[in-house]
Structures are given as C-alpha cells and as structure tokens.
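Enquirer: Sequence:
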Amino acid sequence: MDKKVKVLRGLLIIIVCVALVVSAVSVFVLHSEHSELLEGFLYGAIGVSLFMITAKILSLIQKEGKQDD
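Just so you know, we're using the numbering used here here: the sequence shown kicks off at 1 and counts up by one.
Hints are supplied without guarantee of correctness; some may be wrong.
Pairs of lysine-lysine, BS3-like flavour, derived with a Cα cap of 30 Å [claimed, not checked]:
| no. | residue 1 | residue 2 |
| --- | --- | --- |
| 1 | Lys63 | Lys4 |
| 2 | Lys66 | Lys56 |
| 3 | Lys6 | Lys66 |
Here are the computed distance ranges between Cβ atoms for each label pair [what the hints assert, rightly or not]:
| no. | residue 1 | residue 2 | range |
| --- | --- | --- | --- |
| 4 | Ile15 | Lys63 | 10 to 20 Å |
| 5 | Leu58 | Val16 | 15 to 25 Å |
| 6 | Leu12 | Gly47 | 41 to 51 Å |
| 7 | Lys66 | Leu11 | 15 to 25 Å |
| 8 | Ile15 | Leu37 | 19 to 29 Å |
| 9 | Gly65 | Glu36 | 37 to 47 Å |
| 10 | Glu64 | Gly44 | 22 to 32 Å |
FYI, nobody ran anything at the bench for these hints, they're computed from the structure. For each residue, glycine too, the CB sits at the ideal point set by N, CA and C.
Start from the sequences and build out the full structure, keeping to the hints where you can.
Expert: Quick look at the structure:
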C-alpha cells in the first residue's frame, strides 16, 4: 500500500509541475509578439506531458495486473 501512495504522490507532483509550466508558457504567449512560436511550444509541451501521464497510468495498470496473477 505504501508503494501505491508513493506512486500516486509522484503522479500528483508531475501533474502540478505540468500545470505550472503550462500556465507560465500561456502567460508568455499572451504577452508576446511572437505568439505563433510559443503557441507551438505550448501545444507540444501539453502533448508530451499528456503522453507521459498516459504512459505512467498504463504502466501502473499493468503493474496492478501482474500483482493479481
């Protein structure tokens, strides 16, 4: 049970960090003259972070399935 709590805490930390990065980049996009470049960076960062979170969730599901066997 302790391992599951550590993993969930790590996942929460990742989500909070992603939210902070997205909010910081969105502030730069709103106050920048070169918003196309920063919008591309923002969309790329969001896509990569969603991929990483999805991969982490799927690996957790896979680990739970192996423990049940």
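Enquirer: For which of the previously enumerated hints does the structure constitute a violation, in increasing order of number?
Expert: 6
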